[in-house]
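Residue numbers (the working numbering), protein chains in the order written: chain D, 1 to 308; chain W, 309 to 690; chain U, 691 to 1059.
Check the hints yourself; a few may be wrong.
Straight-line Cα separation of at most 30 Å, DSS-like style, residue types lysine-lysine; simulated pairs [as the list claims (entries may be wrong)]: (1) K142/D x K480/W; (2) K450/W x K436/W; (3) K656/W x K612/W; (4) K623/W x K142/D; (5) K436/W x K595/W; (6) K595/W x K381/W; (7) K653/W x K381/W; (8) K481/W x K653/W; (9) K142/D x K478/W; (10) K450/W x K595/W; (11) K595/W x K480/W; (12) K142/D x K576/W; (13) K381/W x K411/W; (14) K595/W x K623/W; (15) K617/W x K480/W; (16) K845/U x K293/D; (17) K649/W x K617/W; (18) K142/D x K481/W.
Partner residues aside, some chain W positions facing chain D, computed with beta carbon under 8 Å [unchecked claim]: (19) P362; (20) F517; (21) G519; (22) K526.
Rather than coming from a laboratory, the hints here were simulated on the basis of the structure.
This structure is a prediction, so every number in the text was calculated from the model and none was measured.
A virtual CB, placed ideally from N, CA and C, is assigned to each residue, including glycine.
Residue strings, one per chain:
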Amino acid sequence: MADASALGWWGVPLAIVGGAVRVGTTLLWVSLGETVTEKAGRINLGLEGTLLMGAMTAFAVSLATGNPWLGIAGAAAVGIVLGALHGGLCSLARVNDTAMGIALMLAGSGLAFWLGKPLIQPTAPGLPSIVLGGWTDQPALKAALSINPLFILGLVAAFAVHRALGHTRVGLRLRVVGDSENAARAFGLSPAAYRVAATAFGGACAGIGGASLSLVYPGAWSEALSSGQGIMAVALVIFARWDPRRCVLAGLLFGGASAVSPALQALGYSQGYYLLAALPYALTLAMLIGLGKPGPSDGAPGELSLNR
Amino acid sequence: MNRKTPIDQPALDGQRRQLLAAGALSVGSLALPGALRSAFAQSPLVVGVIYVGPRGDFGYNQAQAQAAAAIKKLPGVKVVEEENVPETAAVQKTMEAMINQDKATLIFPTSFGYFDPHMLKVAEKYPKVRFAHCGGLWTEGKHPKNTGSYFGYIDECQYLAGIVAGYTSKTKKLGFIAAKPIPQVLRNINAFTMGARSVDPTITTRVIFTGEWSMPVKEAEAATSLIDQGVDVLTCHVDSPKVIVETAEKRGIYASGYHASQAALAPKGYLTGAEWDWATPYNIHVKAAQTGAPMPNFLRGGLKDGYVKMSPYGKPVGAAARAKADEVKAAMMKGTYVIFKGGLKDNKGSVVIPVGTNLEQFNPELEKMGYLVEGVIGSLPG
Amino acid sequence: MSTVSAAGSLPVAAAPAQLERLRGFAKSLVPAVAALGLTIALFSLAVALAGFDPLQVWSLIAQGGFGDAFAWQNTLQRAAPLLLTGLAVALPAQAGRVIIGAEGALVLGGLAASALGNVLADRHAGPGLVWPAMGLAGVLAGGVWIGIVGWLREKREVNETIASLLMSFIAIALFNQCVETVLRDPASLNKPSTRPLPDALMLPSMPGLDVHWGLGLGIVVALVAWAVMRLTPLGMAVRVAGGNPRAALGVGLPVGMLTIGACAAGGACAGLAGAVEVAAVHGAANGSLVAGYGYSGIMIAFAARFSPGGVIPVAILVGGIAASGSLLQRRLGLPDAAVTVLLGFAFVALIGCETLRGRSFTSRRAPHG
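Take the sequences, apply the hints, and build the full model.
So this is what it looks like as structure tokens:
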């Protein structure tokens, strides 16, 4: 425990950067998954439930096996199942995907809380951080540069997905399915199959995003773990104009916004702290208003039932 | 690691209830004197306990659950519990259900927000049932006789924890993560700070208010911010200190616990903690109910009366710290120690307790506290 | 989004025979019955896996929700706010908008009602003035808040589902800020709250029941909304605007105004729910007002297929299930989350089984298919 001199005002930008990575990792993963889902023309509002199930599963598996990476795998698996369920059910005729998303959110959260009852007390092995700050003696700087490995993975995944969507056959087909069902059928593609797969992938990402909450930051399971990140992610996808790389930016931006209030308070400024807590949501809404109706030039998939 | 969570209890309760009932009836009626004999000749005392959150939260609710577990062991007592009951009309129905369906005659609604109007409403409707609320609100003449409150002066423990922190901190910067700026919380912040400053007057406490009783992400962020500012001892007043203690441990700093002992979560950095010992008032209420004595309406106490206790000292606590803390604790046990003395200044420079007046622990002035003392860096959110 | 089908949409030209109508009716029940069966199967499996006896669980649910007079009181008490929050989702849905931010409208309604109520109480106003005033305050606050969401959709094409949820979070933050600072009762030291209403101004219980008048109010509002939707030209216009906006524009209906109005009406119901909670239960606005009623309303509206009248039985059913959760905890140790799971399964099953609607199951094709 080295003796650290106070950072003073430098603490605020540092906290924002640190918070951006800490809190933003979850948002990054969830919005990345939802981007793929929406690119295929499906909207999944139930990610909150998937996120919680992923967080709970990751914690449980890590606790049981002692290996946090197995926990991540478990979270991804659960996410695939829930995503496939959503995608599959929405492929049936007359099933409203907004409603189904909300329904799965309810069922998923309930299940996560029920199964997670025995997990509130214990401590599970968390993911080891990647330490980039070995060169500094400042504990604060060192901590801010202790990066969540899932952030790095998410960064890699975002670029990989972007590349896949733009430059591979599978990616092209997925985008066709999302832009125009008729064109897809003309090519002999099955829209349902692609959408289920895309939603399953989205679920897996949401599960991993949840795992970041329970295994890295804050690194515990509790019933108040998530505060709407699942739904925020859907808004962030619009913000990111369905570009996976921008999902990283979006996650960082909103993660950083969440860190402003505690950072200011640590310096002694507590005015209006409830309003500051609303900052991320207000920012998101302002961005949505500013964007207006997302058109094809923004990257919006034609078949997406967002603004029909 | 304690694998047997409180959740296991209800499944065992079924067997326990039968054993208790049978045992109490047969044995008790022969061996015990007078009023107790007639009490045992009747059915067991059914006690209802209501929690606002999960019982296993390593914090507020767990401290209450520990007391509930203690009274379950008493002969002639049956306990029914319900958790995650919100502070709405739902808790009124839960209380009524416990009275009507489970025949409860003593109810412990453990969350602060249950009192007004919920508990009061139900208490008026069922004057024969006793309602013991955790908090400080019962007022003679204003509230019905079948209700009461119990509370503990846990700030005594926070004061001692502050002494320990004062000796152990190397950066002389302490951190306090608080949920809401209500008097009970401010009292704790102030006591902790004053305890530390009694060791070294240059010590400061930085306080962050999260705004909610339970918000793990915010609590983690607050902990991180404080640690980034150079804080090396953290304590808190939130429903579940688990995340804060774990974060402190991960960053390699010290932690001081609250509500219950979180020592298991921070083997390297746990100094000590301020814990409730609710078994004391629970036992008093159960006994009064069993013997038919009038309900104790206003129960208060500190270390001396066994309402609060300290967690055992952790490894990092040095000999000097232990000695000093034990010394002050002994004075508190005698009832001669005053924390809030006259001449106390707040962190804006004004004197908040007039010189010459000492506020003893049970002085109701303290339950209206609205200031942060000198040495606390932070302000009441506005 | 796939067009939200408003319940009770334009009646199909029916074949004359009574039998045909009966068959049609029976067929329309198929999704609900299938959903019920699926829910029972799934939940029974879940509790069995958790080590409980499904039969015991179901009997306790029936008993705890509807078994005796006490259970019914409990159920109706819980259903009271759900009626209005269900309407908060059902009404905008009639106009084709899916609003899920009723929680925010509810708390703002409660805040406004408490503030106005206190102002009037200070001037010694009686219940005859205070109650309608509080109701109006709630209606206005909630109506404006969700009306904004509707307006954003009309003018800026912002997806109303996401916007309503974001507005809800912002509303709760505003609410907390006001309750803890600006509108805070200085005497509410340990639990920040607005000033409490005097007892004389609290909404009493309905005669013969242990439930406050909010229940009666909710039922009345639901019935009125149903009547307006089904029987008046305005209701018809809203449903057409929701079901087929292009056709509506074609016949000259002010689609924009109608949809914004429907959103505002839904918000008004949520705001009214908040006002009732303050006047009947809490007496003041504080953190306890944020109790999740808004979110429960979403499920109720969908289950009722957005019919304002259908909200009544569904809200009572959901209230009953929630009430039984208490009994399940105390008798079996089944955690509270189990009831959430049951409701979640029911919701998933209901939405999923919509796919069975309109399918023929017999080899003989019905005349109109």
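TODO: Any hints from earlier that this structure breaks? Give me their numbers in increasing order, please.
DONE: 3, 7, 11 and 14
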